[in-house]
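J.: Here's the letter readout for the chains.
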Amino acid sequence: MNIIICLKQILDPEIPVRDFRIGPDKREAVRGNANLVTNIFCENALETALQLRERTGGKITALAFGAESAEDTLRKALAMKADEAVLVLNDGHPHPDPFTVAQVLAAAVRKIGACDLVMTGRESGDWGSGQTGGLIAEELGLPCISFVDHIEARGEGTDASLFVKRQTDNGWELLNAQPPLVVTITNNEFNVPRIPKTRDIMISARQPITKWTLEEIGVNAAEVRAGQSYYEVVDLAIPAKDVACQFVSGDTLEQKVENLAQRVIEVTRSL
Amino acid sequence: MNDVAICLFAESGYDRAAQGVIGAGRRLAGTLGGRLHAITIGTHNPELNVRIAAVADSVISADQVELAEYQPELCLDALAQLCGELAPKAVLLSNDTYSQELAPRLAHKLGGSAVGDGIELIAQDGAIRVKRSVYGGKAVATIELKRSPAVIWLRARAFEADSAGSASVATVRQTRLNLPSGDRTRIIERKAESTGEARLEDARVIISGGRGLGGPEAFKDLQELAGLVGAQVAASRAACDSGWYPPSWQVGQTGKKVAPGLYLAVAIRGASQHMAGISDAKVIAAINIDPDAPIFKHCQFGIVEDYKKVIPLLREKLAALQK
Ligand SMILES: Cc1cc2nc3c(=O)[nH]c(=O)nc-3n(C[C@H](O)[C@H](O)[C@H](O)COP(=O)(O)OP(=O)(O)OC[C@H]3O[C@@H](n4cnc5c(N)ncnc54)[C@H](O)[C@@H]3O)c2cc1C
Ligand SMILES: Nc1ncnc2c1ncn2[C@@H]1O[C@H](COP(=O)(O)O)[C@@H](O)[C@H]1O
Numbered sequence: 012m013n014i015i016i017c018l019k020q021i022l023d024p025e026i027p028v029r030d031f032r033i034g035p036d037k038r039e040a041v042r043g044n045a046n047l048v049t050n051i052f053c054e055n056a057l058e059t060a061l062q063l064r065e066r067t068g069g070k071i072t073a074l075a076f077g078a079e080s081a082e083d084t085l086r087k088a089l090a091m092k093a094d095e096a097v098l099v100l101n102d103g104h105p106h107p108d109p110f111t112v113a114q115v116l117a118a119a120v121r122k123i124g125a126c127d128l129v130m131t132g133r134e135s136g137d138w139g140s141g142q143t144g145g146l147i148a149e150e151l152g153l154p155c156i157s158f159v160d161h162i163e164a165r166g167e168g169t170d171a172s173l174f175v176k177r178q179t180d181n182g183w184e185l186l187n188a189q190p191p192l193v194v195t196i197t198n199n200e201f202n203v204p205r206i207p208k209t210r211d212i213m214i215s216a217r218q219p220i221t222k223w224t225l226e227e228i229g230v231n232a233a234e235v236r237a238g239q240s241y242y243e244v245v246d247l248a249i250p251a252k253d254v255a256c257q258f259v260s261g262d263t264l265e266q267k268v269e270n271l272a273q274r275v276i277e278v279t280r281s282l
Numbered sequence: 003m004n005d006v007a008i009c010l011f012a013e014s015g016y017d018r019a020a021q022g023v024i025g026a027g028r029r030l031a032g033t034l035g036g037r038l039h040a041i042t043i044g045t046h047n048p049e050l051n052v053r054i055a056a057v058a059d060s061v062i063s064a065d066q067v068e069l070a071e072y073q074p075e076l077c078l079d080a081l082a083q084l085c086g087e088l089a090p091k092a093v094l095l096s097n098d099t100y101s102q103e104l105a106p107r108l109a110h111k112l113g114g115s116a117v118g119d120g121i122e123l124i125a126q127d128g129a130i131r132v133k134r135s136v137y138g139g140k141a142v143a144t145i146e147l148k149r150s151p152a153v154i155w156l157r158a159r160a161f162e163a164d165s166a167g168s169a170s171v172a173t174v175r176q177t178r179l180n181l182p183s184g185d186r187t188r189i190i191e192r193k194a195e196s197t198g199e200a201r202l203e204d205a206r207v208i209i210s211g212g213r214g215l216g217g218p219e220a221f222k223d224l225q226e227l228a229g230l231v232g233a234q235v236a237a238s239r240a241a242c243d244s245g246w247y248p249p250s251w252q253v254g255q256t257g258k259k260v261a262p263g264l265y266l267a268v269a270i271r272g273a274s275q276h277m278a279g280i281s282d283a284k285v286i287a288a289i290n291i292d293p294d295a296p297i298f299k300h301c302q303f304g305i306v307e308d309y310k311k312v313i314p315l316l317r318e319k320l321a322a323l324q325k
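Sequence lines, in order, name chains A and B.
Here the first sequence is numbered in our numbering, starting from 12 and rising by one per residue.
Here the second sequence is numbered in our numbering, starting from 3 and rising by one per residue.
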């Protein structure tokens, strides 16, 4: 099983609200002191891929489209034990629309070659478009299954068959699929990303990363650099909302909880 | 070319989400000066179709054997054919699993643009713009769709239902589409995990637990508490990732978007991604040991205590007050 997994580097999504700023052009967040991290769902996807490889063998290629800094995301993937890494360098729009991203990633997948499974996260923690996986599938003419949290492979070569479990609004579904296929991955208790070993982090620092320019992967580089033929961000604002919390009063814990219970009943009765 | 198409899955029926999509569609069609076409997919649902027919200008029921149950590739093909024929300016869907799965691909097939989880639609000077929450709920972006049709999946419960209705009742047309055989993916098993009929999205009261609960046992206590006030129990992502509660009960940006009258967060920090799921809650309250927990910034009321001390007492008090 040859797996290509798409990883996106993003502004740390867990920075507190009070540290979050927007740039003067009202199109982008300001990085400030925040770290750049790998999108969590991409790591859930890599974890799912690693477990699949442990059961059925195969090769995992980590693929990112981003600035030079995205090398860190790929090095971490290598440290988690992805086999190879490819970075397509983005020297254009810092947040290209999802169609642009999908075009680039699909072109890179074609250039990498033999691939049974393309994996993406369900959505990214910054702009969270939740579209890239589906659009890659369309670009490559492949089927797509979303919100997947577990994959089993049976058979080999042309007989290979995948059993894909995915979350739905009220439970789950099991799908049978023939590769090649695109899946988008969501979190569950079994794909919490592993922590790379110190030794593997050191090894990964010296591993080669293949780097391609937009010209090298055969896309319309000018259109990709402009990055907004599909949609354009015209405004970005921070919603104002701070409610003053009334902490329940009372001299003893019992009194406080009594007051809490009363407030709860008040609200539920008014519904 | 100024028409709007809405796509709904018959299986979900005429629920609050469907009402939001229908209402949003009616208003957008009005602004654009176009007609409203409705497509329902799956086994003919008389109630849904009658309700839609009272609001839309045309209704297509995509009810044929191949579509009776959702299959991603077949449904996508059907929607692409139907929307292709209607050539609308906008296509609206809800934000259920299936709609989210298909919307971007549908846009691609139609040569249009998609954007998701919209909380506001703006049609101005021929352009369609959508407001959506980004950066895990820390900011709201306005996005302009550049290609037509604009395929938009909505945070459906954030939209009002239609109150007026159309002048006449539309006839419901049945489809007979040519759909490809031998689809490359097939759903072979379905399982609902919800306890009973109640859906988190429709719950009036939700008691939700986070990582601070420290283990799955405490969720049993929350359930007992919930029983006393007719609440549903939900969880934060951290609690679901720990395996303490099933992922279909995760609330937040990537979980359920809920709108209860009361949301009681127990041992939940209040990360922006969690809050993104409860922005429509009327009253938020919290039990947290940390007075500086961000959750309190969103609360009407709360208590700073160890939940272990609060829950047993609260159960007692609520039981007494309910008598
Ligand atoms: C792209 C993306 C999507 C995400 N989607 C979601 C989502 O849909 N839903 C979601 O919930 N999260 C989501 N997250 C994760 C989110 O950022 C937080 O990590 C998560 O919500 C934290 O969960 P928590 O508050 O339960 O845990 P923690 O952050 O660990 O907080 C635990 C809280 O419990 C309190 N506590 C500890 N002990 C006690 C005690 N004895 N009594 C009372 N209080 C106690 C602590 O003070 C603390 O406030 C997402 C993150 C990303 C990046
Ligand atoms: N620039 C990128 N490089 C690699 N993968 C990406 C990139 N952008 C998006 N993806 C993939 O698409 C998923 C969903 O992102 P999005 O559609 O932006 O919400 C991510 O989890 C990644 O797997």
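One thing to keep in mind: the hints can contain errors.
Unchecked claim - Here are the simulated lysine-lysine pairs, PhoX-like style, with alpha carbons at most 25 Å apart:
1. A:LYS267 x B:LYS222
2. B:LYS258 x B:LYS222
3. A:LYS176 x B:LYS284
4. A:LYS176 x B:LYS325
Said to hold, decoys possible - Short, incomplete list of chain A residues facing chain B, as computed with Cβ under 7 Å:
5. VAL97
6. ILE123
7. GLY145
8. LEU151
9. GLY152
10. THR169
11. TRP223
12. THR224
13. VAL245
14. GLY261
15. GLN266
16. VAL278
17. ARG280
Keep in mind that the hints were calculated from the coordinates and are not lab data.
Every residue, glycine too, gets a C-beta built ideally from N, C-alpha and C.
J.: Now tell me, hint by hint, if it's right for this structure.
T.: Hint by hint, here is what the structure shows:
For the given pair, A:LYS267 sits about 23 Å from B:LYS222 by alpha-carbon distance, which is consistent with the 25 Å threshold. Between B:LYS258 and B:LYS222, the direct Cα distance comes to roughly 20 Å. Compliance with the 25 Å bound is thereby established for this hinted pair. Distance restraint check for A:LYS176 and B:LYS284: the Cα-Cα separation of roughly 35 Å exceeds the 25 Å cut-off, and the hinted pair is therefore not satisfied. Restraint check: the Cα-Cα separation between A:LYS176 and B:LYS325 comes to about 45 Å, which exceeds 25 Å; the hinted pair is violated.
Interface hint status for A:VAL97: violated, as the beta-carbon distance to the closest one in chain B is roughly 23 Å, over 7 Å. Residue-level restraint check for A:ILE123 is violated (minimum Cβ-Cβ distance to chain B is 21 Å; threshold 7 Å). With 7 Å as the threshold, the beta carbon of A:GLY145 comes within range of chain B, its nearest partner Cβ sitting at about 4 Å, so the hint holds. Checking A:LEU151 against chain B: minimum C-beta separation of about 11 Å lies over 7 Å; hint violated.
With a least beta-carbon distance of about 11 Å to chain B, the hint placing A:GLY152 at the interface is violated under the 7 Å criterion. Here the hint on A:THR169 is broken, as its CB sits about 13 Å from the closest CB of chain B, past 7 Å. Checking A:TRP223 against chain B by beta carbon gives a least distance of about 24 Å; that is not within 7 Å, so the hint is violated. Hint status for A:THR224 relative to chain B: violated, with the closest Cβ pair at about 25 Å, above 7 Å.
Annotation: interface hint on A:VAL245 holds; nearest CB of chain B at approximately 5 Å, less than 7 Å. At a threshold of 7 Å, the smallest CB-CB gap from A:GLY261 to chain B is about 9 Å, leaving the interface hint violated. Below 7 Å, beta-carbon pairs count as interface contacts, and A:GLN266 has none with chain B, the closest being about 10 Å; its hint is therefore violated. Against a cut-off of 7 Å between C-beta atoms, the interface hint on A:VAL278 holds, since the closest Cβ of chain B lies about 5 Å away.
Because the smallest distance between the Cβ of A:ARG280 and any Cβ of chain B comes to about 10 Å, over 7 Å, the interface hint for this residue is violated.
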